[in-house]
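Asker: One-letter residues, chain by chain:
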Amino acid sequence: MIETMNLTKIYNPGTPREVVAARDVNIRIDDGTITILRGPSGSGKTTVLSMIGLILTPSSGRILIDGENVTRYSDYWKALYRRMNVGFIFQHINLLPGYTAMENVLIPLLCLDEDVLNYKNKALELFKRLKITERVGNLVQQLSGGEQQRVALVRALVRDPKIILADEPTVFVDEETARIVFEMFGELRDQGKTVVVSTHDPRLIKIADRVYTMEKGTVVREQEA
Amino acid sequence: MTTMRKINLLPLVALILTIMVFALCFINELSWAALEQSEARKTVREVIGLPSIALGTNYGATRNPLLEVYSTALYDVPGGYCYIYTTSFIGWPMSDPNFFEKVPGFNFTAMKG
Amino acid sequence: MLKRHRNFFHYALDCLKKYKTRTFVVLIAFTIAISMLSSILFLKDGLEREAELSVSLAPDITVSYLQGGRVLLLPSSYIDKASEIKGVVRALPRIWGYDGKGLNTYTVRGLDLSGVEVDYGFSNLVKKGRFLVPEDAGTGSIVIGELLAGVLKVDVGDTMILLSESIEANRFTVVGIFSSETTIYTADLIVMPIDDARKFFKIPEGYVTDMIIYTDPEVPVDNVAAELSTMPNARVLTKDILLRGYKAAYGGRGGFLVTFWVILLSAVALVCFSQATIVGRESMFEVGLLKTFGFTTLDIIEIRLIESLILGVFSASLGMVIGIVYDIWFKAGIFAQSLLGWAFLPAEFHMPVYVSFPSVFSLYAVTVLPLLFATTVPAWLNAITDPELAMRRAAA
Ligand SMILES: Nc1ncnc2c1ncn2[C@@H]1O[C@H](COP(=O)(O)OP(=O)(O)OP(=O)(O)O)[C@@H](O)[C@H]1O
Ligand SMILES: [Mg+2]
Chain A
13 MIETMNLTKI YNPGTPREVV AARDVNIRID DGTITILRGP SGSGKTTVLS
63 MIGLILTPSS GRILIDGENV TRYSDYWKAL YRRMNVGFIF QHINLLPGYT
113 AMENVLIPLL CLDEDVLNYK NKALELFKRL KITERVGNLV QQLSGGEQQR
163 VALVRALVRD PKIILADEPT VFVDEETARI VFEMFGELRD QGKTVVVSTH
213 DPRLIKIADR VYTMEKGTVV REQEA
Chain B
-1 MTTMRKINLL PLVALILTIM VFALCFINEL SWAALEQSEA RKTVREVIGL
49 PSIALGTNYG ATRNPLLEVY STALYDVPGG YCYIYTTSFI GWPMSDPNFF
99 EKVPGFNFTA MKG
Chain C
49 MLKRHRNFFH YALDCLKKYK TRTFVVLIAF TIAISMLSSI LFLKDGLERE
99 AELSVSLAPD ITVSYLQGGR VLLLPSSYID KASEIKGVVR ALPRIWGYDG
149 KGLNTYTVRG LDLSGVEVDY GFSNLVKKGR FLVPEDAGTG SIVIGELLAG
199 VLKVDVGDTM ILLSESIEAN RFTVVGIFSS ETTIYTADLI VMPIDDARKF
249 FKIPEGYVTD MIIYTDPEVP VDNVAAELST MPNARVLTKD ILLRGYKAAY
299 GGRGGFLVTF WVILLSAVAL VCFSQATIVG RESMFEVGLL KTFGFTTLDI
349 IEIRLIESLI LGVFSASLGM VIGIVYDIWF KAGIFAQSLL GWAFLPAEFH
399 MPVYVSFPSV FSLYAVTVLP LLFATTVPAW LNAITDPELA MRRAAA
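In order, the protein sequences belong to chains A, B and C.
No gaps in the numbering here: position 193 of the first sequence is 205 in the working numbering, and each next residue is one more.
No gaps in the numbering here: position 17 of the second sequence is 15 in the working numbering, and each next residue is one more.
No gaps in the numbering here: position 84 of the third sequence is 132 in the working numbering, and each next residue is one more.
Check each hint, because a few of them may be wrong.
[To be verified] Here chain C is said to cover these stretches of chain B; the calculated rule only asks that three of the stretch's residues, wherever they fall, bring their Cβ under 8 Å from a Cβ of chain C: (1) 12 to 22; (2) 33 to 41.
[Said to hold, decoys possible] Facing chain C, according to a computed beta carbon distance under 8 Å, are these residues of chain B, among others: (3) 6; (4) 9; (5) 26; (6) 28; (7) 30; (8) 45; (9) 46.
Everything labelled a hint here was simulated from the structure, so no lab data went into it.
Cβ atoms here follow ideal geometry from the backbone N, Cα and C, with glycine treated the same way.
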C-alpha cells in the first residue's frame, strides 16, 4: 500500500517562476487495485505520479510505503526500490532514440544481475499482444506515436513489476489498442499488481477501484468504486 | 539485444594494441639491456674515450648541439667544446640569422683510392 | 554479480556506437595527441638514457688546461705528473677537434696508440677493415664512422683529402670503419694516430688538447681528482660533473615538452568541451531515464567509466604504437628535427628510442584520466538530480 500525506511540490521555490504543482495531496493506493488520477491539464497529475514513483523529491509531505516513511530514504535505496518494484509508462513516452524497439525494452533490465536475453520471449509475447511484433527490430524513432507508446508499455511490463505507474498511456493509440491496454491493466490487478493511471478515458475509470480528481495541484474529489 | 551480443571490435582492438605497446616496451627494454652490455661500446670507452653522443650538427661549433649548447655546463670534453661561443652560450643560434654564415667552413673532399 | 557488469559493459559499447561522432572525434584527437607526445617522449627518454650510458662509458677523469678561465692546450708534462698520482692507472694524452664541410661537422680524434694495449678486443670495434696499430703513425691511416663513410661514399682502402683549418690539404687512407653498434658515438668520428692529428690541427709539440685518466677502482675518484686539482691551471672533470651537465642540458630541453603538454591539455579540454555539448542533453535524458528504471548513480558512473576507459585505452595504445613505429621505422622525422632544434640528422642516423614503463604509464594516465573526468563528472551531476527533472530539462 502506498499512501501520501500532505504531499507538496513547489517548482522553483522563492523565484518569480514559482509553481505549486501539488499541494497537500493525500491519496491512498491499495495493493491489487487500479487507481486513477484525473484532472485538467496542468493540475499536477504527472507531478504526483512522479513523486509516488520516487523519481521526484517532494518539497514537503510524506510518502509511506507499507506504512514506512520513505521520503527521506537515500537515492540508492530509491533506485533499488524502483528496480525491484516499479514499472513506468511516461506521458512523453521517453524511449531511447538510436535503439530498436526490442533494445528499448531490454535496456532497463541491464541493471538486473541477469542475462537480459532471458526476457526476450516475454517481451515478444507482449509485443504480440499489442500487435507490433513486426516492428521490434526497427529503431524507435521510425515508429509512429502509437507504436512508440506500445513499446513503452512493453518496456514497463516486461519484468513484471508490482506497481505500474502509467501517465496517460493511451493518448496516442487507437481505440482497439486502448481496449487491449485496459484489459491488460485489469488482468494485472487480478494478478495482485497495483496500477496507478493518469487518464481521462471513461472506459478505464469505469473499471477503476478508486478515482482521484485533481485541480490546480490539489485533490478535489475522491471516488470509490 | 542483437548489437549488445556481437563481439565488439573496439575493446578487442584496444586490448591487442595495449598488449602491443607493452610488448614493444619489453622488447625495447631488452635491447637497451643488451646495449648496456655491448663489448664494442666498452671498447670505445677504453680506446677512444668519447663521452658524448654523435649527433652531427649543421653548424660548425659543436658535435651535439642539444647537449653542448650549454657548453658552460658541459665543459670542454670532446663534443662539448664550442669554439665560437666559448662560454655561456644560451639561446638558439636559429634566432641569429647570420649565425650560419659566421661559421668558418672547412674544405672537405673525398675520392676513390 | 558479474552479469550486471557484463550488461553494463555491453551497454557502454552501445553508447560508444550510438554517439559515433563523439567517439570518433575523441579517438582521433587523442590518438593524434598521444602519437605526437609519445614520439617525443620516447625520443627524449632515449637521448637521456643514451647520455647516461655514454657518461658511464666515459673516462673516469678528464683534465683540461684553463688560463683566464678559458680552455687552452694542455702541456704534455702534465701527463707524466698525473701518472705519478696514486690511484691513476693510465693517463692518456688526447688531441681532438672539429672539422667539417658545408653543413656537416665531423669530429677528429687523435689517438696515442702507444698508450693502448693492441691486443685489446678491437675486432668488435670495426665492422670492416681493421683498427689502428702503432705502425700507422705518420702513414695517414684513419678509421671513420659508419655514417660518415655512408655520407661520403668511401670504403676501406679509399683515400680522402681533408682541408684543415690552416688550409692545408691532408691525404688520408681509410683503413677501417666503425661497427654499427657504436654508431651513436662514432657516427661522425675520424680517428687517426695522435701525431697525425697534431699535424692536422697544427698543435705545437709539447701540447695536447687534454688528457683522460683511468683510475684504480679501489681508490675513490674524488681523491684522485682532488690530487689532480693541485696542478696549476688544471680543470678536473669527473663523470659526476659531466652527468650533472648532461642533466642540466636535458632539463633545459624540458621546455619543449612543456609546450607539447600544454598543447595536449588544451586539445583535451577542447574535446571534452565539445563532447559535453554534443551529447550533454541527450545523455542527461538518458541518465534520467536509466535512473527511473532503477540504475543507481554508481551504475551510471560505471557505464561511463567503461566507456571512457575503452576510448582512452584504445586511443592511447594506438597513439603509442604509432609513436613507436614513427620513431623507430620512420626515424622520427619531423619531431627529431624539432626536438633537437638545429641538429643535423643524416637519414642514416637512428635516434635512440626508449619506451620506458613509466613513460607508457604516464601517457595512459594523461589520456584516460581527463577522459574519465570529462565523462563521469557530468554523468554524476545528472545522476544526482531527480530523474523526473533531468528528463524534463533534457526534453525542454
Ligand atoms: N520542472 C518544472 N518546473 C516548473 N514548473 C513545472 C515543472 N514541471 C511541471 N511544472 C508545472 O507544474 C504544473 C503541474 O504539471 P504536471 O506536469 O504535473 O501537470 P499534469 O497534470 O500532468 O498536466 P498534463 O495533463 O498536461 O500532463 C504545471 O503547471 C507545470 O507547468
Ligand atoms: Mg502530465
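Asker: Against this structure, judge whether each hint is valid.
Answerer: Cross-check of the supplied hints:
{"no.": "1", "hint": "12 to 22", "verdict": "holds (count 7)"}
{"no.": "2", "hint": "33 to 41", "verdict": "holds (count 8)"}
{"no.": "3", "hint": "6", "verdict": "holds, 5 Å"}
{"no.": "4", "hint": "9", "verdict": "holds, 5 Å"}
{"no.": "5", "hint": "26", "verdict": "holds, 4 Å"}
{"no.": "6", "hint": "28", "verdict": "violated, 11 Å"}
{"no.": "7", "hint": "30", "verdict": "holds, 6 Å"}
{"no.": "8", "hint": "45", "verdict": "holds, 6 Å"}
{"no.": "9", "hint": "46", "verdict": "holds, 6 Å"}
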